[in-house]
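As given, the protein sequences belong to chains B and C, one line each in that order.
If you read the first sequence in my numbering, its first letter stands for residue 1, the second for the next number, and so on.
If you read the second sequence in my numbering, its first letter stands for residue 1001, the second for the next number, and so on.
Simulated from the structure, these hints should not be mistaken for lab results.
Errors might be hidden in some of the hints.
Heads up, incomplete: computed chain B residues facing chain C, CB under 10 Å, no partners named [claimed, not checked]: (1) 19; (2) 24; (3) 120.
Fair warning: this is a prediction, and the values are worked out from it, not measured in the lab.
Heads up, the beta-carbon is just placed ideally off N, CA and C, and yes, glycines get one too.
Now for the letters of each chain:
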Amino acid sequence: MPDTNGRRLPHARRDGLLVQAIDDEVVVYDTERHKAHCLNRTAAFVWEHCDGQTTVADVARRLARELEAPIDQTAVWLAVEQLGKAHLLTEAPRHAAGLSRRELLKRLGVAAAVALPLVTTIRTPVAAQGASCLGEGAPCDPANDLCCPGFGCQAGPNICVED
Amino acid sequence: MTFNAYGVRVGVRVSVRSALERVLERLPPGWKPARSAVVSRLYSLIAGGDGPRRGVRRLSLLYADAVRLARSRDVGEVLDAFETDLQLYVAEASPRRLFVHAGVVGWRGRAIIMPGRTFTGKTSLVAALVKAGATYYSDEYAVLDARGRVHPYARPLGIRERGALEKAKRYPVEAFGGRPGVRPLPVGLVIVSEYKAGARWRPRQLSAGKGALAVLAHTVSARRQPEVALRTLQQFISRTPVLKGVRGEVEQVVDFVVKTLGDR
């Protein structure tokens, strides 16, 4: 494994994001992609320190102290990787963790499970998904298809027909 | 006519006066007549009926502003489209309330919110809880205020007795031996469940952050007003258990609620 001690964390993205701390997690809403992310404590800690200055080794040390868990640089890189995939960094990470979350869990042991970084993502619904659907033969608008599952809004007669 | 619903002012015009009564039945719960003629959306309903010659029927048409939403020989179908579009428009545009697509009941002074998309069995769950003694709040939307309290949206329950393809029939909550809630309630429990034949209800509790995501995934105005959504969720999500899992028959969840929260 290459020496990554001196590597610095990338910059966190701040534009187009709404951030809400909820207990020890952070919920981030991306107004450009209409996705919401939940950063667990470790992922939130790493994201907070993504300033282009702080080194990975430094954050790993601080995290291990804060969480009282055997966190190493691989876990920090895993967080960076997940944050990158979620478009929460200004640049793509240049280094990969080299291990998946599952592999890291095996290596660090079950006791470290809660300390592993996790970014959970959902796509928020378009308003039409918040309505009960229209049944077969019901008039509909093809541009705003509210037909029930298995049906689609057929342009022309503008009614819900079987897909 | 013009009316206000949850801070949204809407207008409706009809081609024949007799259609207005049927329109009124389709307005959102709690609507009030408005004095101003300035509206943010205008619906136009042109009622069809017998044509100039025998055997010819005119189509009924529905427009929202200048966009045609529905066209049918059956005015009932056009009114269905009106109701669906109107409630969605109000849910998305409301400046004062956050609408989450969910069933809601009141239980011992607290609201149980059950978010879910259509066909996940929300209404069945609501009806079963009402039969078990819960107060009925909604089978369509959890309407939350800025303090995170849930307000009633107690329209008649829409039940599909013969499966998904059937159009839902509406029943008043009294048909299930229940009564509608009137006061806003603080949220006591969120249940995110999906029906799966033969499944056992063994829910897991989500963290507050993941719970917020689970509710946000069903929030109608999440894209239009994300800051309002996050702020409102923060009001209750930290102190409210959010349970998620698949369930079999509704009785499993009812038993669970009775055991966990206590009998009515």
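Are any of the numbered hints broken by this structure? If so, which, sorted upward? none
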